[in-house]
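Protein sequences, first through last, are from chains Y and W.
Residues in the first sequence are numbered from 1 upward in steps of one, following my numbering.
Residues in the second sequence are numbered from 504 upward in steps of one, following my numbering.
It is possible that some hints are incorrect.
To be verified - Distance ranges between label pairs, derived from CB positions:
#1 W:Asp620 x Y:Cys25: 45 to 51 Å
#2 W:Glu524 x Y:Thr73: 25 to 31 Å
#3 W:Glu577 x Y:Ser2: 38 to 44 Å
#4 Y:Arg9 x W:Trp619: 28 to 34 Å
#5 W:Glu758 x Y:Pro299: 48 to 54 Å
#6 Y:Ser2 x W:Glu685: 41 to 47 Å
Please keep in mind that the hints were generated in silico from the structure rather than gathered at the bench.
What you are looking at is a predicted structure, and each value in this text was computed from that prediction instead of being measured.
Cβ coordinates follow ideal geometry from the N, Cα and C atoms, glycine included.
Take a look at the letters that make up each chain.
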Amino acid sequence: MSSEPIERRVSYIGDRLRGSRCEICGKEYFRPRDYCGTCGRKSFGKMHDIDFFYEKGTLEVCTLVKEPTNKFTKLGSYIYGLVSFNDGKVRVPGRLTDNLLQAKEIDVTQLEGRGVVPRFRRRYAVEQSDVIPTVALSFTFVDEYYPFQEHQIVKPKKEYEKPGIVGYGVYTSRFRIKESAIERSVPFVDEDSITAAVEAGKMALIHSGIDPTMVAKVYVGSESNPYAVKPIASKVAQVLKLGEEDKEKGLQTVDAVDTEFACKAATCMFKDAAALAYYPSARGHFTMVIGTDNSQAAPRNEIGGELDFFVGYGASAFIFGINDVIAEMEDWCSCTSDTPDFWRRDQESYPRHGGRFTGEPAYFKHVTKAAEKLMDKMRLQPKDITYFVSHQPNVAFPVKVASQLGFKEEQFMPGLQVAKFGNTYSGSSPIGLAAILDIAKPNDRIVIVSYGSGAGSDAYSLLVTNEILDKRARQKFTVRYQAENKNIEYVDYETYRRLKLGM
Amino acid sequence: MTRSCPAIIGVGRTKFGEHYEREPEKLIEEAWLKASVSAGLERKDLDAGYLADYFLPITNKIGIEEGFLSELTELHIPMEKTRSFSSALLNACTAIQAGRYDVVLVGGVEKMTDRWDKIRDDLMLLEDPWSYYAGCTPEANHELMLREYVKRHNLSASDLETFNLALAQIAVKNHKNAVQNEYAQYQREISVESVLKERQKAQKPLGLYDFAPISDGATAIILASLEKAKKLADTPVCVASSASATDYVTYPAREERTGFVASSLAMKNALKMARIESTEIQIAELYDQSTFLEMVSLEDLGFAKRGTAWKDITTTLSESQRFYRVNDKELYVNTNGGLKADGNPLGATGGAQIYEIVQQLKDKAGSRQVKTDIELKYGSALELEGFGTKAYVHVLRRGD
Numbered sequence: 001m002s003s004e005p006i007e008r009r010v011s012y013i014g015d016r017l018r019g020s021r022c023e024i025c026g027k028e029y030f031r032p033r034d035y036c037g038t039c040g041r042k043s044f045g046k047m048h049d050i051d052f053f054y055e056k057g058t059l060e061v062c063t064l065v066k067e068p069t070n071k072f073t074k075l076g077s078y079i080y081g082l083v084s085f086n087d088g089k090v091r092v093p094g095r096l097t098d099n100l101l102q103a104k105e106i107d108v109t110q111l112e113g114r115g116v117v118p119r120f121r122r123r124y125a126v127e128q129s130d131v132i133p134t135v136a137l138s139f140t141f142v143d144e145y146y147p148f149q150e151h152q153i154v155k156p157k158k159e160y161e162k163p164g165i166v167g168y169g170v171y172t173s174r175f176r177i178k179e180s181a182i183e184r185s186v187p188f189v190d191e192d193s194i195t196a197a198v199e200a201g202k203m204a205l206i207h208s209g210i211d212p213t214m215v216a217k218v219y220v221g222s223e224s225n226p227y228a229v230k231p232i233a234s235k236v237a238q239v240l241k242l243g244e245e246d247k248e249k250g251l252q253t254v255d256a257v258d259t260e261f262a263c264k265a266a267t268c269m270f271k272d273a274a275a276l277a278y279y280p281s282a283r284g285h286f287t288m289v290i291g292t293d294n295s296q297a298a299p300r301n302e303i304g305g306e307l308d309f310f311v312g313y314g315a316s317a318f319i320f321g322i323n324d325v326i327a328e329m330e331d332w333c334s335c336t337s338d339t340p341d342f343w344r345r346d347q348e349s350y351p352r353h354g355g356r357f358t359g360e361p362a363y364f365k366h367v368t369k370a371a372e373k374l375m376d377k378m379r380l381q382p383k384d385i386t387y388f389v390s391h392q393p394n395v396a397f398p399v400k401v402a403s404q405l406g407f408k409e410e411q412f413m414p415g416l417q418v419a420k421f422g423n424t425y426s427g428s429s430p431i432g433l434a435a436i437l438d439i440a441k442p443n444d445r446i447v448i449v450s451y452g453s454g455a456g457s458d459a460y461s462l463l464v465t466n467e468i469l470d471k472r473a474r475q476k477f478t479v480r481y482q483a484e485n486k487n488i489e490y491v492d493y494e495t496y497r498r499l500k501l502g503m
Numbered sequence: 504m505t506r507s508c509p510a511i512i513g514v515g516r517t518k519f520g521e522h523y524e525r526e527p528e529k530l531i532e533e534a535w536l537k538a539s540v541s542a543g544l545e546r547k548d549l550d551a552g553y554l555a556d557y558f559l560p561i562t563n564k565i566g567i568e569e570g571f572l573s574e575l576t577e578l579h580i581p582m583e584k585t586r587s588f589s590s591a592l593l594n595a596c597t598a599i600q601a602g603r604y605d606v607v608l609v610g611g612v613e614k615m616t617d618r619w620d621k622i623r624d625d626l627m628l629l630e631d632p633w634s635y636y637a638g639c640t641p642e643a644n645h646e647l648m649l650r651e652y653v654k655r656h657n658l659s660a661s662d663l664e665t666f667n668l669a670l671a672q673i674a675v676k677n678h679k680n681a682v683q684n685e686y687a688q689y690q691r692e693i694s695v696e697s698v699l700k701e702r703q704k705a706q707k708p709l710g711l712y713d714f715a716p717i718s719d720g721a722t723a724i725i726l727a728s729l730e731k732a733k734k735l736a737d738t739p740v741c742v743a744s745s746a747s748a749t750d751y752v753t754y755p756a757r758e759e760r761t762g763f764v765a766s767s768l769a770m771k772n773a774l775k776m777a778r779i780e781s782t783e784i785q786i787a788e789l790y791d792q793s794t795f796l797e798m799v800s801l802e803d804l805g806f807a808k809r810g811t812a813w814k815d816i817t818t819t820l821s822e823s824q825r826f827y828r829v830n831d832k833e834l835y836v837n838t839n840g841g842l843k844a845d846g847n848p849l850g851a852t853g854g855a856q857i858y859e860i861v862q863q864l865k866d867k868a869g870s871r872q873v874k875t876d877i878e879l880k881y882g883s884a885l886e887l888e889g890f891g892t893k894a895y896v897h898v899l900r901r902g903d
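Next up, chain Y with everything else stripped away, as it sits in the complex:
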């Protein structure tokens, strides 16, 4: 068993690469310290917290590790080296991640001097029952899949009448499996639903420009949390420093909770998040909803294996508030029934899939009901809606339901992302929504309808504001960027299963 105090301390510092800067001489340190080694006693109380989480570093020197220590063997071969920040003020040890080095000739000298960004990942393998170790001493090159983006806090300008989306972010991995017409994102071996949640949240913070200390609550919806008990949300809150930080006690004054309802675990909280941001005493605060999944599926030859053709990996994060809203939440409607179409019992590795209920009466009944009821309530016709997006377990279902509801291709195709990333479960319809927001214009109306097995749907109507244009330039890592990136690496079926299984 690992030591939870050591684990707590290492991940507290390592997940965000926390450090200190001496106010007197400017010297910087990786790992916080109370006084400067150069300035000594006079620097007491003059050390400022810094971290390198959003920084760009340089890989100074590196070497190939082909025989890692025991806990790293599942990573295979990797590049290890020294990464410097702020023109060499600070150097940290680092492992390059997102690299399948098998059978590749590597000239390490060609890698030296290139820019890298820290990535939040699993640190190494441990026993199945242990606390999952994480760290951000994993890096990827800035000129590859994942770009370097500055994190700037922008003071809110305008308060809106209705709460809505203030910013959003999507994260899918660099790896894909391509089978017939469908491409699906595949996590690297050190990724899971926790790391994706943090990445998506980070992207949403970058896009929204909000002050992270103003986040009042974070909800993380997932059906693939590697823990049966222990929230992903607590990790997200700590790594992203959501809510005010009590440095002394090492805690964040924020509420954090995980939610579960198959693929609608995240969307069901949109209205709660918006409502909370609208609560009188919380005015000016924000809420964050993340949907994250390393979508699970049994191997193809086993029961439940039919899901293995569709599952993807990724996360989306939406920040709600009443300031600088990019899409107002006009109204919503949810419906629920106790339909056993898809489930996973405790301690089972993979979900089961009944088959009889899957499409009808599960998916179609709920999606149609929620959508029609919302449109009814708001007296909307399909022509009043610019974009329609629904849950995407495959290509056929969302196309069929949209057509049945009277939507045309130009309304539902922009949000159809399943053929690029696979079914990202809790992130599925939200990633579709993000793809639409990436291109939407002011005054566009978007209707999103999620579906979660078990079963239920949430429908929302969102009205895009002028704000969307101002914020767009802040986010390079768009859905399209991730779908069409030239650094995407395709893997075969065996590798896909191995990577998905993780460390």
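Fit chain W to the given chain Y structure using the hints.
Okay, now just chain W, sitting in the frame of chain Y:
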């Protein structure tokens, strides 16, 4: 040093390698018995004991190692435990010079192969936990330092070819020396081609034959005040100086990454204490955890100028010499085979270095005895803890 130097009056060691049928106590027993025989000493003559080991609490779940030594010797004298042998020796020297003890046993033991399955993880965690968390291995740090060195000194492609060859020759030389060392882990020669081939196979600047192995083994010496030594031994070898220095545990955080600051500082102080110049040292035991470290240690200790040691090595070793020609003088390095071929049971390693220098200075090294025009007088040993986090330099002198 104002007081007279302590002297080594007996040395003993086991063979290094894999001793899977023997407990660690058995190894230290053998080394201690040999040392006491060579010193002509009884147990009751001992005033204190210093025992070095890094990993016995981890590999063998032995908590209070001194207790085992007490049981072996049936002595209840003061005993202390350190990590490296050099650290134990430094402490023993300090105590004797302070006038506290007259005769002290200094021992070192390690049983790394008992946990061959996880010793690399333990080694790496010992070197630096944060580097470990980032995926570092004990070998990777050497390769990073090598890259830093190549870049700092701007080695051209043709320089690099010579440089790589020089490092290979170090391994070949050390294996050749070990053939004459009955206690060595690898008593066999290797060729430059085989060193290069292993590197090629690994696609790395350093390969299997560039690194010291993991080993089991024990070493022991008997240290005495000079007065006592004169009564007990005919040719005492004096510890002319005993110095150490410390550096950050995190290699990436160090300013100097093309060598070890701790080594340079320890050497500087050791020379000052011994009141000699580095050129007076004719034999040296360096801490060649890798061939690169043997090379860079020549620079750290001032035997070679920064950025040039590899040139000194190629010119002399290509003539199949056993010495390096540095500063126009012959310097014999790792005549026992070094960590590379003699073996590297961490806590005992420094003892093997001292053992070798004592035997050489006393002209008792047998077939591997160094023969020079000027009679051997000074020898030095550099031992490191971690990846240059601690450095110990001992200068030994024949006669008082």
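Outcome of the hint check:
Distance hint check: the CB atoms of Asp620 of chain W and Cys25 of chain Y are about 46 Å apart, consistent with the given range 45 to 51 Å. For the pair Glu524 of chain W and Thr73 of chain Y, the supplied restraint of 25 to 31 Å holds, since their beta-carbon distance comes to about 29 Å. Against the hinted window of 38 to 44 Å, the Cβ-Cβ separation of Glu577 of chain W and Ser2 of chain Y comes to about 41 Å, which satisfies the hint. Taken as a hint, the range 28 to 34 Å holds for the pair Arg9 of chain Y and Trp619 of chain W, whose Cβ atoms sit roughly 30 Å apart.
For the pair Glu758 of chain W and Pro299 of chain Y, the supplied restraint of 48 to 54 Å holds, since their beta-carbon distance comes to about 52 Å. The supplied range of 41 to 47 Å is met by Ser2 of chain Y and Glu685 of chain W, whose beta-carbon atoms lie about 44 Å from each other.
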